[in-house]
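Engineer: Sequence:
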Amino acid sequence: MMKADYHRPVLLVESVDLLNVLADGVYVDVTFGGGGHSAEILRRLGPNGRLFAFDKDPDAQQNLIQDPRFSLIASDFKFIEKALNDQGILQVDGILGDLGVSSHQFDEGSRGFSFRFDARLDMRMNPEAGDDAVDVLNGYSEAALKRILDEYGDVRNAGKIAAAIVTARKHGRIETTGDMERIIGGVIAAQNLSKILTLVYQAIRIEVNEELEALEMLLESGLRVLRPGGRMSIISYHSLEDRLTKQFFKTGNLQGEDQRDFFGRSLCPWKMVTKKAVEPTAKELKENPRSRSAKLRAAEKIEL
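In terms of this note's numbering, the sequence shown has 79 at position 79, counting the first letter as 1, and numbering is strictly consecutive.
Where hints are given, some of them may not hold.
Stated by the list, open to error - Below are the DSS-like pairs computed for lysine-lysine, each with C-alpha atoms no more than 25 Å apart in a straight line: (1) K250 to K275; (2) K195 to K250; (3) K146 to K160; (4) K250 to K271; (5) K276 to K250; (6) K271 to K286; (7) K170 to K160; (8) K250 to K283; (9) K146 to K82; (10) K286 to K195.
Said to hold, decoys possible - Label pairs and their computed distance ranges (CB to CB): (11) R265 to N192: 31 to 39 Å; (12) L267 to L64: 40 to 48 Å; (13) Q61 to G185: 20 to 28 Å; (14) L64 to R182: 36 to 44 Å; (15) G46 to E142: 50 to 58 Å; (16) R147 to R43: 39 to 47 Å; (17) D135 to Q61: 23 to 31 Å; (18) R265 to R147: 38 to 46 Å; (19) P68 to D150: 46 to 54 Å.
Because the hints were derived from the structure by calculation, they are not lab data.
This one's a predicted model, so the numbers in the text were calculated from it and none came from an experiment.
Just so you know, even glycine gets a beta-carbon here, dropped at the ideal spot from N, CA and C.
Can you make the complete structure from the sequences, with help from the hints?
Structural biologist: Okay, here's the thing in structure tokens:
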């Protein structure tokens, strides 16, 4: 049973509209969360349609949808191809991804995703796997921390903040959101603290969850499992994700290279469905302020 307060789906109708759902098609929601997008896809499927959803966060199991057409796979979406093959599914008609962190993960203080709560700095989307933010903050070199803050957060004064983190951990292990606020508050003006903390948390979270690597794997393997005519619909929340998605849809490769055959014909296996990113309406922004940075892009696989 879905919990209404677990996660409010962003660009719900727009993202599912762009999938062009076929009544008897096979679809994948790679970011199940509260189940909002999945429920909308199921609403449009006929009795012979199928929907597979992915979520590596064990908390998402509480939102399981009781429907014979639905299966929830407890796995990272970067393993979409193998996981679907294990289910006997070789090709699908559409893939939807609502990237980033769910409202539940932000609002569950113990998960450490938000500096609104004093908690251990975990930040893992799957709290049972891999290194957490504490490991990153206490184990990475100053240069590595600066790179993460620069690349994943576009953090002003990334070098100064990385140096402050390294200095602070000499006097004791950095463990909590409160520790981070004190460290960054020591080198950043008070009026800028909230904005900088937001960017720092984003950068560390992306590193902890290997979010860009996962998106790259999703895009490449998703292309392989889509049938010609099938569509991919991706909602992103920061420029790195959006740029990567746009580049892949425009060229068919992660390098953004315009590849052509001997006769000069494009080898891109995509037809863009969205000429520019779809953004939330004023009504949605008012009802759900967390949707403000969302950008939706969709593309259709073509036969080369």
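Engineer: Failing hints, ascending?
Structural biologist: 2, 6, 8, 9, 11, 13
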